[in-house]
Amino acid sequence: MEAAVFAVGAVICVVGAAGVILNRNPVHSALCLVATLFGVAVLFIAQDAHFLAAVQVIVYAGAIVVLFLFVIMLLGVDRAEDLGEEPLVGQRPAAVVVGLLLGGVLAGTLAAATITGLRSAGGAVEAEESTPNITQIGRLLFTDYLFAFEITSVLLVIGVVGAVLLARRSSAGTNVDADEEVDEISSPRDREPVEESA
Amino acid sequence: MIAASTVDPAWYLGLGAVLFALGATGLLVRRNPLVMFMCVELMLNAVNLTFVTFARELDDVGGQVVVFFVLVVAAAEVVVGLGIIVSILRRTPGATADDVSLLKG
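So the protein lines, in turn, are chains A and B. Residue numbers are given in the working numbering: position 161 of the first sequence equals residue 161, and the series is strictly consecutive. Residue numbers are given in the working numbering: position 3 of the second sequence equals residue 3, and the series is strictly consecutive.
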């Protein structure tokens, strides 16, 4: 049973990942990314990580990909990219070779290695009817990983502030011509002080 | 664990390796900054899959907690990264990764 689930999930994942790379249109890439994320969620369920599967669908497929599509539509960059054009000669074949090498090294390591490490005594994955997956994660999150959890909240605040800052700067510059703005950025000394105060 | 695992964990790890390699290749091959960002997400997902596999293999929920943190960091990263990409693409419409060389001397 699990073998069938794994086979289906793996095929969805790999096909989706290949689609992200090979599609010329960014919108199609984003939709292929959704397929991969759902495939990974299925594999999470196959491995008894039910809470993470739900979070994967809600956060990744629900929020992050929608954000991607929103930016694509907002900027109007949804036209096809010419994959044949090469600004750096020989970069694409070299990249494919490097990617194949990376995959080969990872697979070779996997084939040569054995999984070591002690089975956990403390945070053991207990039988499902006794403690649900989400209870175990919650318990661990607020005991052993409490500091990391608090740091995460700081990170989220920083992210929000950074996003607001970036968005504000670019929206203030929309009145200026695009070319003028580039000049302004590249040579800040030429900027007039009047502009600064205004 | 009630259900006996019928799939060897090496298969999951192998799939993770393939996904990671695909993401890395895409990051090197594509020039659209948004698609490059999606490839980064692919690599993060490959690592998440590996973490969950080891969490089950070693009977330790700690691996799943780490995946939770990776999800949070990925969300924050996407917000800031897309903000930067929006401001770059507003300045120079249709920019690719090669065009963003303002810091080059």
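These aren't lab readings, by the way, just hints derived from the structure by calculation. A hint or two may mislead.
Estimated spans, in silico, between C-beta atoms of each pair [claimed, not checked]:
no.	chain 1	residue 1	chain 2	residue 2	range
1	A	150	B	101	37 to 47 angstroms
2	B	73	A	138	14 to 24 angstroms
3	A	1	B	84	40 to 50 angstroms
Just so you have them, the derived chain B footprint on chain A, three or more residues with Cβ under 8 angstroms [claimed, not checked]:
no.	stretch
4	29-35
5	53-66
Interface residues of chain B toward chain A, partial, derived using beta-carbon atoms under 8 angstroms [stated by the list, open to error]:
no.	residue
6	10
7	14
8	47
9	72
Fair warning: this is a prediction, and the values are worked out from it, not measured in the lab. Quick reminder that beta carbons are idealized off the backbone N, C-alpha and C, glycines included.
Do the hints match the structure? See the list:
1. A:150 - B:101: 37 to 47 angstroms: 39 angstroms, holds
2. B:73 - A:138: 14 to 24 angstroms: 19 angstroms, holds
3. A:1 - B:84: 40 to 50 angstroms: 45 angstroms, holds
4. 29-35: It holds: at least three residues are needed, and the stretch 29-35 of chain A offers 3 whose Cβ sits within less than 8 angstroms of chain B.
5. 53-66: holds (count 6)
6. 10: 6 angstroms, holds
7. 14: 6 angstroms, holds
8. 47: 11 angstroms, violated
9. 72: Result: holds, 5 angstroms to nearest chain A Cβ.
Violated hints amount to a single one, hint 8; each of the other numbered hints is respected by the structure.
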